[in-house]
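**Q** Here's the letter readout for the chains.
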Amino acid sequence: MPKDAVNSDSRNSDFDDLLNLPDEDGHFGPYGGCFAAETLMAPIDELREAYEHYRNDPDFMAEIDADFNQFVGRPSPLYHAERWSKDIGGAQIYFKREDLNHTGAHKINNAVGQALLAKRMGKTRVIAETGAGQHGVATATVCARMGLDCVVYMGSEDIKRQMINVFRMRLLGAEVVAVESGSKTLKDALNEAMRDWVTNVDDTFYIIGTVAGPHPYPAMVRDFQSIIGREARAQALAQTGKLPAALVACVGGGSNAMGLFYPFIGDHDVELIGVEAAGDGLETGRHAAPLNCGRPGVLHGNRTYLMETDSGQIIETHSVSAGLDYPGVGPEHAWLKDCGRAEYAAATDIEALDAFHEVTRTEGIMPALETSHALAHVKKIACNYGKDAMIIVSLSGRGDKDIHTVAAHEGIEI
Amino acid sequence: MSRISTCFADLAKANRQALIPFVTAGDPEPGITVTLMHAMVKAGADIIELGVPFSDPMADGPVIQRASERALAHNVSLYDVLGMVKSFRETNNETPVVLMGYLNPVEAMGYEAFAENAANAGVDGVLTVDMPPEEAKDLVAALKGKDIDPIFLVAPTSNAGRIARINALASGFIYYVSLKGVTGAANLDIDSVKAKLAEIRGISQLPLGVGFGVREPADAANLASIADGVIVGSTLVKIVEENADQPDKIPGIIGETLSKFRHAMDNAA
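Those protein sequence lines, which keep their order, are chains L and G. If you read the first sequence in our numbering, its first letter stands for residue 1, the second for the next number, and so on. If you read the second sequence in our numbering, its first letter stands for residue 1, the second for the next number, and so on.
No lab work stands behind these hints, which were simulated from the structure alone. One or more hints might be untrue.
Stated by the list, open to error - Covered stretches of chain G, going by a simulated chain L footprint (3 or more residues, C-beta under 8 Å):
#, region
1, 72-78
2, 106-113
3, 131-144
4, 171-184
Said to hold, decoys possible - Below 20 Å or equal to it, Euclidean Cα-Cα: the simulated DMTMM-like pairs (lysine to aspartate or glutamate) are:
#, chain 1, residue 1, chain 2, residue 2
5, G, 238, L, 180
6, G, 137, L, 23
7, G, 260, G, 216
8, L, 184, G, 69
9, G, 137, L, 25
Where a beta carbon is used, it is the ideal one built from N, C-alpha and C, also for glycine.
Just chain L, same shape as in the assembly:
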């Protein structure tokens, strides 16, 4: 039987306690927290106090809203993908168009918020880690706009996969540092950024790009990204008079998913579905799906699900999409999974590439390969819903940056 779309006044209190998380020490149930070396605790405390102060400062929040509106181009549209909905059959699919933001992805929402906070705190130098390069580009962009020095750490493997974004960052005046340690990908870039921060605590602000890291990062990044869900919720009601049956978003660290999910957590009947990268397939072990196949551990400042060996060493991950290629996941997702408020599926490289092509051809929208994982899952589940039900997908980024990867998969050199 098709699942019916829910009524707009169905806000339910069952999961309302989830809206009050994290606790004051940054915990989401057993996850999250602040697992950082003592050398980092002072700057983390300073950041926590500053964020606590400014999030309650109407002047600061108005400054963010103005930049969202005039620099980022918000609100982003909620677009009815009519032809694709018809093709796959079942629910009506709507795209929350974060790909239309300045710099082409949701990452800019968080970069604007943290860079404005950095300025308020009197910091003159910004560092960031990046995987696919989207967060690095977003950070370099806001630093150019605000006159802040910017250093971006990026794994040398990712640099090879994302040369265009590397060049964009350099054009924007950022220094891009190649990280040669470990697996030479996102997690190693994060390690290196932490080392920089320890060394330059006085003048440096570390803009973490996802809902992970030591408290207050997971909550702060979620708050800045929640504009996605707040807009989507209001747009759904305005455009269709009802709330969606389900939200679907890709999950690497999980910032676009958390931003979309959070304002709907109290809407008990709205399903929250995150989609991890299954790489070559979950059964092969070559993937980046800690919520599906990992177990809880501590990495990069928080307790969460990790891809690790039996003896607690972090495993190298695999995904066609550099932005999902991370062995951990935001701690709030770990808790949403455990307490049953959200579910987490996975899509393989091939499924994501198929969805990439389909949506590009039927909707004239070229999604990022990260986003394509969410789209691949929508293809699988849309038929479980009636025609009147609505599914909102976070169209988290545009796919221009990925055309070399897509071409290479088809044996084409460009």
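Given the coordinates of chain L, work out where chain G should sit on it, guided by the hints.
**A** Using the frame of chain L, we list chain G on its own:
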């Protein structure tokens, strides 16, 4: 009294300071570590700090990071490291051994199981770099239940409140990080270390070891005049790296180097 407390008490009576070398267990290969530990004791080490290899050593510089990578290439696990301590204890029952590493391998083993296994192996202290006092309650309880000293870092940026919080949980000694940076950095400033040690002594009765950035015997001698112990890490690990292709020579070369640190410290006052 724990081996660590006894060690510092005896040294204090003799007006000497602890020389605490750090090496990563299993670097460059697991077979050499126990021999190296004995060689360091012979060269004058009072306490041995043994690094537990981790894939993502965020607070360490490139030298110790590469040491982890070399050990992990041999799949050296926390179980293996405990095995090394156990085998060291077969002929040495006096020298305290402190494990230094990151929390995740301990999480994977489980706090209670780790504390029990570590106690059985003869471990005296445990320093988990990415576990500040805020998150330490459960592991500290497990360790203290087995008479193992939880060792904590204090940084130049730690304020009085944090130092007090750390002091409330720590035993054995406090590890003062001499600089803002990662292990192996080069900006040691004795005067600022001296000022901070005085502040810590106003809050804590525990012996103070100083590490990060101790490169030359002269650095160790300077620190010995103001601290209770000196930790030498990256300098030794670099020697291990330079001789990674001939591991049998490493205990001898490290022993020689360490003797120079010992000599400089003993002739400092």
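**Q** Compare the structure with each hint and give your call.
**A** Verification of the hints:
1. 72-78: Coverage by chain L holds here, the residue count being 3 at a Cβ distance below 8 Å.
2. 106-113: holds (count 4)
3. 131-144: This one holds; 4 residues, not fewer than the three required, reach chain L with a Cβ under 8 Å.
4. 171-184: With 4 residues closer than 8 Å to chain L, the region 171-184 of chain G meets the three-residue bar; holds.
5. 238(G) <-> 180(L): OK: residue 238(G) and residue 180(L) at ~18 Å, within 20 Å.
6. 137(G) <-> 23(L): Judged against 20 Å, a Cα distance of about 17 Å means the pair holds.
7. 260(G) <-> 216(G): holds (9 Å)
8. 184(L) <-> 69(G): holds (13 Å)
9. 137(G) <-> 25(L): holds (13 Å)
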